[in-house]
Every structure is written in structure tokens, then in C-alpha cells.
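A.B. asks: The chain contents come next:
Protein chains: 4
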Amino acid sequence: MTDAQAPAGAAKDALIGMEDLDALSDRDAPFVQLFGFKTERIGFGEATIRLPYNKDHIRPGGTISGPAMMALADWAVYVAVMGAIGPVDLAVTTNLNINFLRKPAERDLIAEARLIKLGRRLAVGDVSIHPEGDDEMCAHVTATYSIPPQT
Amino acid sequence: MTDAQAPAGAAKDALIGMEDLDALSDRDAPFVQLFGFKTERIGFGEATIRLPYNKDHIRPGGTISGPAMMALADWAVYVAVMGAIGPVDLAVTTNLNINFLRKPAERDLIAEARLIKLGRRLAVGDVSIHPEGDDEMCAHVTATYSIPPQT
Amino acid sequence: MTDAQAPAGAAKDALIGMEDLDALSDRDAPFVQLFGFKTERIGFGEATIRLPYNKDHIRPGGTISGPAMMALADWAVYVAVMGAIGPVDLAVTTNLNINFLRKPAERDLIAEARLIKLGRRLAVGDVSIHPEGDDEMCAHVTATYSIPPQT
Amino acid sequence: MTDAQAPAGAAKDALIGMEDLDALSDRDAPFVQLFGFKTERIGFGEATIRLPYNKDHIRPGGTISGPAMMALADWAVYVAVMGAIGPVDLAVTTNLNINFLRKPAERDLIAEARLIKLGRRLAVGDVSIHPEGDDEMCAHVTATYSIPPQT
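Residue numbers (the numbering used here), protein chains in the order written: chain X, 319 to 469; chain L, 319 to 469; chain A, 319 to 469; chain U, 319 to 469.
Okay, chain X solo, but in the shape it has when bound (with noise of 0.2 Å):
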């Protein structure tokens, strides 16, 4: 993980490519288009997803629902991984765990996600989500996802 850690200026590249991500969410991630993910960044171990703001997803008051923040939570970390180690269809959650700290303000959220372990096994990614333009977290997430022996 030293490299996923390195300073932004020294990271190196993402593993996977913005097509074969779109690939990917197509074929195995249902709820990406279900709630508009969008990723804006990839890197080597990181990555950057929003949430779009949309009425379908919020809960009364015009905040976006738990359920969206912790599918947006696992999709920053899958592609976080899948960054780190390329394209890779059987990478699987093993657990999740969500503290939600603030009702989030009515704007798109950004989910920012980093490995903060990859071994060959196990990949574990930290995420802090928070609305555009608003530095404080509305919701902090660890995820830890299996990765299958490379044969």
C-alpha cells in the first residue's frame, strides 16, 4: 500500500481504464444505474464517485437515503480495488461498516475512497462521503472486499 498512500503528485496510474469500468458496471453492478454513480476519478487504489441528486432517492426533509450512501460507499471501494488490480469480476464485499454522522445538505454526495490495505486476499478501503462544496462528512464507511486467487 505504499503506493496507494504515496503523495498525489508521486500516485501511480489506475490499473483499469474508464471503459472497461463502464464494462464492468453494466454487466455486474445493477445499482450504478440505479442511482447514476459517476465517477470522476480513478487512481491506484483510490477513487472519487457522485451521487447525483435526484428525487427519486431522497427521504422527506430532501435528504439522500442511507440505502444510497452505503451502495455508493461499496462502489467507490470496488472500483478503488479495482484500480489497484485491474479489471476483475469476482471481487467480492465481505463487510461493510457505515457510521452516518449528519444529515447531508440537498446537493450531489462525493464518496472518496482509498485502500488502506490491498493485500492478495483482502482489500480494505476507507471512504468519506460528503456533499459537493461541503468539507464535513455525512457519512464515513470501511469495506473490506475478497479477492479471488489470480490463477
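Keep in mind that the hints were calculated from the coordinates and are not lab data.
One should not assume that every hint holds.
Copies of one chain are not kept apart here, so a pair can be met inside one copy or by any two copies together.
Claimed, not checked - Distance condition first, Cα-Cα at most 25 Å in a straight line; then the derived SDA-like pairs of lysine to any residue:
#: 1; residue 1: 330; residue 2: 374
#: 2; residue 1: 356; residue 2: 374
#: 3; residue 1: 373; residue 2: 409
#: 4; residue 1: 356; residue 2: 439
#: 5; residue 1: 373; residue 2: 343
#: 6; residue 1: 373; residue 2: 354
#: 7; residue 1: 421; residue 2: 410
#: 8; residue 1: 356; residue 2: 453
#: 9; residue 1: 373; residue 2: 351
Dock chains L, A and U against the given chain X, drawing on the hints supplied.
C.D. replies: Chains L, A and U in isolation, oriented as in the chain X frame:
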């Protein structure tokens, strides 16, 4: 929690009825309709919710997606809380932890939630998710709800 | 996990004996002696461990400290894993999630662990902790162990 | 949390001093002496705590045990909470989630805690644990404390 943990025969009645619950979900929980959750049972601090098998929410290979299971568990604990304190639309999830245990069979999923703590400020629920007709859990969840001060 | 979830009457035997377990704990787990954990029962994927009430590990008010409960749960899952796969001293915890539910009575604490997943690479255990003679859980834990490749 | 997240140069002072903290730990936290935790720094919603390398708390292979790291993180969040609200001895952990990321080097461990939420009823802290002189995290923790109503 003595009550919520009482044997089935002695269970206290739920403090919310199906009609009030439907009204809450129409108003508060857009994902309930999105996923088609069906409330099979509400008790005092207990709930059983069904996620119908639906081609829109599966991953390749035919299994229901992780985010659908997280939404299901979150909703099941919410219903269990409503069953114990009555309709209160400001209860919010503060923490959710999910362990994905195995690939579920291609069937409806059933979430069984029960509260393991019911305090004045916090309620904690334990949820097992399994495919219909199969006792093996495919996911296990604990979730904490913050209960608003009652006026 | 069919086996580990089988009714008590049909339980498979543990794959580790008390002597091997004691040898492992003397060698691997300094906190077992520190806290005085006592193994009450080992089954296939199941374990019951006692934390004796001890003035050295209490908080003011006489309740056993949170860290003592976390250590107890971690050890209980380890013993349950050993019961299912035999003595393997390289199994390591990858994730532990604990919910503290209520202040325990001033008594010994009992941890009941059972595996809810036993895979080739990961095992997941569910633990309830309650004071002796009191069915109300004071803490609930899930923990994941990584199992080393068997040669 | 604007304050707790302010850049270091602008940080508000801690609302507890070292003497009050020592008094609290002597009275409330038996494991602080057990493990020999040393408070390196307290800020408003921030704390840095050292776990001295000690033969009594290691696993074979020379690495510090998981339970010692869980106790360390729990204490670090407690100190960060005290730094933000002043000495309150009834704050209790309600949830703690830890991911063990890699085997730490045989050195003192340093826990860096910061609050990511400071509400009237709940505070949530994020903790990274790393060996002294090594930036790679060996464990990552989030923990929630319940704050008693202030009279």
C-alpha cells in the same frame, strides 16, 4: 428488552400497524418501493421483511446485490424499532455493520430482525438474511438507530 | 456451516482438545492469562468462554471494562475457529465489530461464540456476552478471522 | 466539528488538561495502567496515544496483540472526546469497529484519534494505529461514544 426477547408465545404486540407502516414507508423510504420490500410480520421489537427476487437488482450469476441486502437490513431494523416504539419518523440509522457470508440462491431473500437493545436514546438490531426456504444465512447485520427525544 | 449450526444433539465434535488449546493460548495469547479466561466448552465452530469477575479489570461502578469484553469476544471466536479447523496458530482477526448494549451486572461474564461462516479463507463468528445467570446480552460482537492456506 | 477539523495552526485548545486526564484514567480505566498507555497530545477532539512495546502484550513473532490495539483505540477516542467536552466520566463506548491491516513492526504503537462527529448525544472518532516511525497503518478503528445529558 425483556419483552422483545420473550418467547414467541408471550410476545407483546407491535406498537405500529401495517397501515401506519405503509404510510411511513411511502413518505420516508423511497427504497422500499424501489426494491419492493414486503413486510411479512411486525412484532414488538421484531420484524420479518421479504425482498422479492427481481432481475433488476441482481448481479451477474443471478445473485441479489450487496446494496439491496444492506437496504433490506436497514429497513428491517427500522420496522422492528417502529414495532417497539410506535410510528416515529425521525429515527435515523447511526451505524450499520454487515458481513456478507455466502452467495445467496436465486430466490426471494428474507430478513429477520430483532432488537437486542431498546434504550431511550439508542436501539440496536440484529438481522439475519437468508434465501427463502434455506436456513443458511447469506448475510448478517447489526444496526443502531438513534431515537429522537419524545415530547 | 450446516454442521456448526446443527442442533446441539447432533453437533460434530471439536477438532481441538483442551490440552492443545491451552498450549496455543500459553504460546499465542498473552491476554488469556492476563484476563484469566476460562474455556467452558468447545464444539465444532462453537465455544463458551468465561471472564471471571476481577477487581483488576473493572471500571468505577464495578462493571467490567469494554476492552476486557473485546478481548473476551476475540478469544471466543478464535476458540470456535480452532474447534472447526483444529490447531492452526496463524489464524488472525481481520475485523471485529462490537456493540455495547448495557452495563453488565458485577459478575463473571460468559461469551457464547458460534461461527456463521466457515470458508476456506475466512471464518465469521457471532458472539453474545452476558453476565452469568442473566440472559440479557451486555455486548454483541461479530469477528472475522483469516485462515492461512493449508499445506 | 468545524473546530475539530480545523487545520492544526487554528486548533482550539483541549478542554481537559493532563492532570484531569490522569485522574480520570486512574479512576475509570484500569487498562490504561495495565497497558502503560501514554498520552502524547490532547487537542479539541484529537488525541495521540502511545502503547509502549512490552513483552507482556505481544503475540509469538513479537507483534502486539489485537486486544491491546482495541484497548488503545478505545482509549484514544475517549481522550479525544474529553478534549472536546471536558472531563465527563460517564461517556461510554456504544460501538467499536476495527480492521486489522497488517502485522505491526516490533515497536511502540501510536494511535492518532480525531472526532469526525461531535453531537450532543453521540461522538464518533476515527483512529489510525501505526508503529512508531512507520506511516503504514497496522489497524484502523471507528468508535462511537454516548455522551451523557449535561445538567
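A.B. asks: Taking the hints in turn, state whether each one holds.
C.D. replies: Quick rundown of the hints versus the structure:
no.	hint	result
1	330 x 374	neither (37 Å within a copy, 36 Å between copies)
2	356 x 374	both (16 Å within a copy, 19 Å between copies)
3	373 x 409	between (31 Å within a copy, 21 Å between copies)
4	356 x 439	neither (28 Å within a copy, 33 Å between copies)
5	373 x 343	both (23 Å within a copy, 15 Å between copies)
6	373 x 354	both (12 Å within a copy, 18 Å between copies)
7	421 x 410	between (29 Å within a copy, 10 Å between copies)
8	356 x 453	within (19 Å within a copy, 32 Å between copies)
9	373 x 351	both (15 Å within a copy, 14 Å between copies)
The structure shown violates the earlier hints numbered 1 and 4.
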